[in-house]
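First to last, the sequence lines map onto chains A and B. Using the UniProt record's numbering, read the first sequence as starting at 1 and increasing by one per residue. Using the UniProt record's numbering, read the second sequence as starting at 1 and increasing by one per residue.
Treat the hints with care, since some could be wrong.
Treat identical chains as interchangeable: a pair holds within one or across any two.
Stated by the list, open to error - With a cut-off of at most 20 Å between alpha-carbon atoms, the simulated EDC-like pairs for lysine to aspartate or glutamate come out as follows:
hint, residue 1, residue 2
1, Lys55, Asp17
2, Lys250, Asp405
3, Lys55, Glu20
4, Lys322, Glu289
5, Lys87, Glu52
If you are wondering where the hints come from, they were derived from the structure by calculation, not from laboratory data. Computed from a predicted model, the values in this text were never measured in an experiment.
2 protein chains.
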Amino acid sequence: MALIVQKFGGTSVGSIDRIEAVADLVVKTRQAGHQVVVVLSAMSGETNRLVELAKQIDAQPSPRELDVLLSTGEQVSIALLAMAIIKRGHSAISLLADQVGIVTDNMFGRARIAQIDTVRLQQELQQHHISIIAGFQGRDLEGNITTLGRGGTDTSAVEIAAALGADECQIYTDVDGVYTCDPRIEPKARRMTQVTFEEMLELASLGAKVLQIRSVEAAGRYTLPLRVLSTFKPDAGTLITYEENPMKNKVVSGIAHQKDECLLTIRQAPDGPATLASILSLLGEYAIEVDMISQMNQQTGKIDYALTVHSNDHLQALDVLKTHQHTFGAVEIESNTAVAKVSAVGVGLKSHSANAGTFFSALAAENISPLLVATSEIKISVLIDERYLELAVRALHDAFKLESDE
Amino acid sequence: MALIVQKFGGTSVGSIDRIEAVADLVVKTRQAGHQVVVVLSAMSGETNRLVELAKQIDAQPSPRELDVLLSTGEQVSIALLAMAIIKRGHSAISLLADQVGIVTDNMFGRARIAQIDTVRLQQELQQHHISIIAGFQGRDLEGNITTLGRGGTDTSAVEIAAALGADECQIYTDVDGVYTCDPRIEPKARRMTQVTFEEMLELASLGAKVLQIRSVEAAGRYTLPLRVLSTFKPDAGTLITYEENPMKNKVVSGIAHQKDECLLTIRQAPDGPATLASILSLLGEYAIEVDMISQMNQQTGKIDYALTVHSNDHLQALDVLKTHQHTFGAVEIESNTAVAKVSAVGVGLKSHSANAGTFFSALAAENISPLLVATSEIKISVLIDERYLELAVRALHDAFKLESDE
Chain A
1 MALIVQKFGG
11 TSVGSIDRIE
21 AVADLVVKTR
31 QAGHQVVVVL
41 SAMSGETNRL
51 VELAKQIDAQ
61 PSPRELDVLL
71 STGEQVSIAL
81 LAMAIIKRGH
91 SAISLLADQV
101 GIVTDNMFGR
111 ARIAQIDTVR
121 LQQELQQHHI
131 SIIAGFQGRD
141 LEGNITTLGR
151 GGTDTSAVEI
161 AAALGADECQ
171 IYTDVDGVYT
181 CDPRIEPKAR
191 RMTQVTFEEM
201 LELASLGAKV
211 LQIRSVEAAG
221 RYTLPLRVLS
231 TFKPDAGTLI
241 TYEENPMKNK
251 VVSGIAHQKD
261 ECLLTIRQAP
271 DGPATLASIL
281 SLLGEYAIEV
291 DMISQMNQQT
301 GKIDYALTVH
311 SNDHLQALDV
321 LKTHQHTFGA
331 VEIESNTAVA
341 KVSAVGVGLK
351 SHSANAGTFF
361 SALAAENISP
371 LLVATSEIKI
381 SVLIDERYLE
391 LAVRALHDAF
401 KLESDE
Chain B
1 MALIVQKFGG
11 TSVGSIDRIE
21 AVADLVVKTR
31 QAGHQVVVVL
41 SAMSGETNRL
51 VELAKQIDAQ
61 PSPRELDVLL
71 STGEQVSIAL
81 LAMAIIKRGH
91 SAISLLADQV
101 GIVTDNMFGR
111 ARIAQIDTVR
121 LQQELQQHHI
131 SIIAGFQGRD
141 LEGNITTLGR
151 GGTDTSAVEI
161 AAALGADECQ
171 IYTDVDGVYT
181 CDPRIEPKAR
191 RMTQVTFEEM
201 LELASLGAKV
211 LQIRSVEAAG
221 RYTLPLRVLS
231 TFKPDAGTLI
241 TYEENPMKNK
251 VVSGIAHQKD
261 ECLLTIRQAP
271 DGPATLASIL
281 SLLGEYAIEV
291 DMISQMNQQT
301 GKIDYALTVH
311 SNDHLQALDV
321 LKTHQHTFGA
331 VEIESNTAVA
341 KVSAVGVGLK
351 SHSANAGTFF
361 SALAAENISP
371 LLVATSEIKI
381 SVLIDERYLE
391 LAVRALHDAF
401 KLESDE
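Just chain A, with the same shape it has in the complex:
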């Protein structure tokens, strides 16, 4: 008998029919002899509906009150699932953050879980009740309702699983696992049965949307076995592991890509260490995150800088840089949103230096020129013209032989 935490996202509980299907799935796990704790998101569309109501009143509503409003979404879904499980003759109980003792800091809208008091949950487990917990939410030390931000339910599930010492945390979603690349781009994409934590962390941060990066980080802190699987055709999915097996692991596990990129180029800034620092501080003041950074010294003694930001930040970043152009003395500021990032991720990249050659040769063979390059111990990323994105993904998937499991 294992203790399993099962998390279901918004599309998995998006209608009464789907809630009934989730109830069947939970009951099936219970009947297989396991103990089950369930963590739920709001029904899909509900959070957006509530945000719309708030925005009709105030474009920037009180963050505390917005959290009071949004947290009703999960409260609805947990009550409905509990009813559906009870109807099937099993004991179930819906529980809110204050009833489970999920304590967060007081950063409304993006709170972090500080502590989970498992006394109540342990009681419910001892009585063989299926606990159904509202994800995405907590209470701060003063008892105010907080929410964890988008994707927060994954984090709730991981933190609850860790606090209970669960054997596995299962993230049920609308895809059936983690793929070697986006199957919509490369039909030969293969679902991985396993992926290492480090790789998953890179994949999540590089745009593989199957798991929120915060929940992967949290799982890593506790080395919690985390599994991604589909609500609609449940099978073994993809397991995130903490062991590297160089014999078994491929050099590269997957190809990730991200479209929402913006390349900013700052031309002919004066030489010296202060320039880049002041550019980054400036963007930081406006909470604009910078991803890739590159610089090129010119023969004139001037320096060109290139950096990428999320395309949502495009206009603001351009505006901020142009307004302060004189302070760091750049001659020209350019921006380009017709770019995309492609990355190869794999723990094998640590020890196989020849693979950088494979990577760039594959792109060169298709006449794709990198605009920017970034590497880490287990990934290589390039920024390219977005027209070549699909071509680059397929070329790299092919070059690293990802379609086969061997």
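Given chain A, work out where chain B should sit, using these hints.
Here is chain B on its own, set in the frame of chain A:
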């Protein structure tokens, strides 16, 4: 400076526009120098929408989980109103039952408030914050969410006002006060500026739907000044008072009526005290409430009984009585739902015995025969053929000269 508790019902917060209007009204009271505590219902339609969701899963959903579900309705409206008041530059904070310390028994769906811990509310008052409390709900001693049943928000408001020692509890609704009779039946109906608690209690129980009887009872326990007024055209409304002024009060204050009546007639039951007792016990077992009761001894030594139940209980009551007919020996059971109840209510009826004559003369003049009669110290009720309901209301309104304020 007075401390005023303001309660707004579902239609008063039924849309974003209406929530904005309520925010204006609350702010206006604040700006007049008063301290304000607000108690809200769910947006109109929301509770029914949630009940429908639950019924799609289970026709008889778990009562505990239904309360978890339904309580989200008020949570949405309090958050939205708090946002609207904050946008107007005032400090407001939404508060749930557990944050305010509203403790109830554990009768899910029809819980009763056992205690309100006012420490938090007093703190908010001291800091001049406008507290906006979710009505209709509480927490039992184990921390489970409970709801108070239909109309529960009125009760929440009264109990909170009493616990805080408020100067007045204002019930804002979609009518502008208590009328001498239903204005849709008698256009000459007059809104009362005052009505005594005893009269209000009778009017509420006799079908004047402006206030729930439980909230009137609760106000009476604390002799709390209670005012009914309109959200849409706020003025002084109707004040429920605890002083009888025989010089000022009319003999009869108002004419109430109720259409959802069912007359049950049990023919030729054997004489003796046990028969009526067993009939009433039987209906009690099925939670069928009996309102009016009458009996008529026949020359044969047999007794006929007539009683009224709510028309919702018609078929079940008939079924129960017919099934057990042999146990109390009745020969025949009849039922009739084409009946209605009309009542005259007034503290003046205590001392003016001649008024029963006025009452029945007015009906006789219109050729309306009572089918059943019931009286209390301050009311006379008759059951009549429902076809004559409007005629009876108008005749009685006229006979007791209710159109004039003198």
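Run through the hints listed earlier and report the numbers of any the structure violates, in increasing order. none
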